[in-house]
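Asker: If you want the building blocks of each chain, they are given just below.
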Amino acid sequence: MAEPKPFHVADLPGVGPTALLVFAGLYAPILTLVVYSFNASPSVATWDGFTFDWYLKAWGNAAVMNAAANSLIVATLAAVLSTALATLAALGTTRRPAFFGITAVYAAINQPLMVPEIVTAVALLIVVAAIKAATGYAGLGYLVVAHTAFCIPFAYLPIRARLEGMDLTLETAAADLYASPWQSFRFVTLPQLAPGILAGGMLAFVTSLDDVVITEFIKSPGQDTLPTYMLGQLRRAMTPDINALSAALLGLTLVLLSGFFLLSRRKS
Amino acid sequence: MAANIISARNLVKAFGSGDFAVRALDTVSIDIRPGEFFTLLGPSGCGKTTLLRLFAGFEMPSAGTILLDGEDVTVLPPNRRPINTVFQSYALFPHLSVAENVGFALKMQGKPRAEIAETVGRMLALVRLEAMAGRKITQLSGGQQQRVALARALAPHPKVLLLDEPLSALDLKLRKEMQIELKRLQHETGITFIFVTHDQEEALTMSDRIAVMSAGKVQQVGTPKEIYTHPVNRFVAAFIGETNFLDAVGEAGGARLTTGDLIAVEGVLHGPVTVAIRPEQLRLVAPETAGALAATVRDLVYFGTDTHCHMALSDGTALTARLQSPASGDIGLSVGDRVGVLPMPGAAQMLRT
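Same order as they appear, the protein sequences are chains A and B. Numbering of the first sequence is given in this note's numbering, commencing with residue 743 and proceeding in unit increments. Numbering of the second sequence is given in this note's numbering, commencing with residue -14 and proceeding in unit increments.
Because the hints were derived from the structure by calculation, they are not lab data. Beta carbons are placed, not taken as given, at the ideal position from N, Cα and C, and that holds for glycine. Watch out, some of these pointers could steer you wrong.
Stated by the list, open to error - Which bits of chain A does chain B cover? Going by a derived footprint, with three or more residues having C-beta under 8 Å, they are:
(1) 904 to 916
(2) 927 to 940
Stated by the list, open to error - Simulated restraints, written as ranges between beta carbons of each label pair:
(3) A:LEU814 / B:SER2: 50 to 60 Å
(4) B:SER47 / A:ALA840: 15 to 25 Å
(5) B:SER153 / A:LEU754: 43 to 53 Å
(6) A:LEU932 / B:SER2: 55 to 65 Å
(7) A:LYS747 / B:HIS293: 43 to 53 Å
(8) B:SER74 / A:ALA752: 36 to 46 Å
(9) B:ASP11 / A:SER922: 32 to 42 Å
(10) B:ALA200 / A:SER922: 35 to 45 Å
(11) B:SER2 / A:ARG837: 14 to 24 Å
(12) A:LEU932 / B:HIS293: 52 to 62 Å
(13) A:ARG837 / B:GLU173: 31 to 41 Å
(14) A:LEU932 / B:ASP11: 52 to 62 Å
(15) A:SER1000 / B:HIS172: 47 to 57 Å
(16) A:LEU932 / B:SER74: 41 to 51 Å
Chain A on its own, in the form it takes in the complex (with noise of 0.2 Å):
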């Protein structure tokens, strides 16, 4: 008699194509703003031969290099900032013993991945237009406060779990063998959790740089970062410079993603 086969869904009829299907959806349009940033004619209709006109084209935009420098200055510095306090909030959750009310404090910190964002952007709009009439100051400054507070969880998240991961024995050990708390600190506990530290970076960094809603909602006038400057241009017509726009940020959230998962493996 055979062996009664174990149960798996991928037995199941039907799971091969409807996984493909799953794919198709994700990526084919992916693929197909990809193929048609290449596309000599302007129009999507027809394909005239391949072309890095449009890229040479956004390149030379003043209006584009400007919306990119401002995404990149705002996404560098959230990420820089939000790392930094997510790793103190992450010391600060797991290198002491639970306390009455930490699932709290758990849920205030990833507060922006739960509240609806066009929700906090509506707040920030109130707060940032009163302190835009009481200062008169209209910087980047606050897209880049904007933009550490919410990319705070996404940052906590990878190193807290590294925190979690760690041998509490080494920094007992590093205590043993004459270090301070701050020497432990730094030359035990921040090396092992320098992946964790990176990983959160990089996923600040891209979070912050995709950012349409609230960026749309609190920006100056005249200020762009690249997302909202591709949401104004579509306002007028879909021009084939905005689908190289969008290949760029996705070479580069690619490059960022995959480094935070090569990282995120190196789990000693």
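We have chain A already, so just place chain B on it with the hints.
Answerer: Positioned in the frame of chain A, the structure of chain B alone reads:
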């Protein structure tokens, strides 16, 4: 230098609070002499590791004091005690090389680079790992990691080295090698070793003195010979080696067993007592021999070097003798044989029940 390198005075460590408090250590006082190989021996949960952690400073006692070389270090944090630890899990730093691990304490102390390099070289030579200096910890075998952990803890030349069951993760052969290695290291460095183990054989073969612990208390402190030959209570006698326990009543001239026989016993106690006799201290003689206990062979178990002979006394009390196996392997007894059992002189100990 004080007469004792480390002294525990009435140490209490309680976990939890109120009615739920558990005393992991209950009024423990111990004196450890400079240069000693001192072992804390006991079953898991007896408090031996807790005592070690108090010595290291990883935990603070609920009451009592710890003197290191005559100085009160009870509440000093671990990084300010000249005491180092070899952890059960080794706790080597995975992001550092072998040499960086060994030099870690010296770097933390701010020693000059040249001195660190010189000490690290000397320590690696001491544990015979010179060739591994540049290796990553993950590239080492368990035995090599053990040696790195030893070198790392010895490098700053602590006054006391604490070893928390450091051999428990090694296989038997490596364990035997490391036992010899540890004795050699202790001899060469002259550092006081405090060794924690639950393995009584390890404790007997390696230690200058042993503290047997149970239920948070020190039951007995003594040399391996004292502990083995003169256990102070039933727990110690049962934990170290194998022992026959016989219920008896102490009276002038010896102990009256439940069988009615009177046997000569060391020590004089009156009233209900326990008589402890090691199985290798029993001789089998012909039945009806004067002074011998009458017994019947119930089972024979061959162990190679010796044979365990399980017997029943006339009232059914169980008794085991360990007999050296002769060259033929056959001790010439079979189940059901009637024999006489004679304890060797001085072998029977009287313990309070």
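Asker: For each hint, tell me whether it holds in the structure or not.
Answerer: The hints, checked one at a time:
1. 904 to 916: holds (count 6)
2. 927 to 940: holds (count 4)
3. A:LEU814 / B:SER2: 50 to 60 Å: 55 Å, holds
4. B:SER47 / A:ALA840: 15 to 25 Å: Given a distance of about 22 Å, which is inside 15 to 25 Å, the answer is holds.
5. B:SER153 / A:LEU754: 43 to 53 Å: Hint holds: Cβ distance 48 Å, inside 43 to 53 Å.
6. A:LEU932 / B:SER2: 55 to 65 Å: 35 Å, violated
7. A:LYS747 / B:HIS293: 43 to 53 Å: The hint (43 to 53 Å, Cβ to Cβ) holds, given that LYS747 of chain A and HIS293 of chain B are roughly 52 Å apart.
8. B:SER74 / A:ALA752: 36 to 46 Å: 40 Å, holds
9. B:ASP11 / A:SER922: 32 to 42 Å: Since the Cβ atoms of ASP11 of chain B and SER922 of chain A sit about 33 Å apart, the hinted range of 32 to 42 Å holds.
10. B:ALA200 / A:SER922: 35 to 45 Å: The hinted range 35 to 45 Å holds for ALA200 of chain B and SER922 of chain A, with Cβ atoms some 37 Å apart.
11. B:SER2 / A:ARG837: 14 to 24 Å: The hint (14 to 24 Å, Cβ to Cβ) holds, given that SER2 of chain B and ARG837 of chain A are roughly 23 Å apart.
12. A:LEU932 / B:HIS293: 52 to 62 Å: For LEU932 of chain A and HIS293 of chain B the Cβ distance comes to about 58 Å; the hint holds.
13. A:ARG837 / B:GLU173: 31 to 41 Å: 39 Å, holds
14. A:LEU932 / B:ASP11: 52 to 62 Å: Given about 40 Å between the Cβ atoms, the range is violated.
15. A:SER1000 / B:HIS172: 47 to 57 Å: Cβ of SER1000 of chain A to Cβ of HIS172 of chain B: about 55 Å, so the range 47 to 57 Å holds.
16. A:LEU932 / B:SER74: 41 to 51 Å: For LEU932 of chain A and SER74 of chain B the Cβ distance comes to about 21 Å; the hint is violated.
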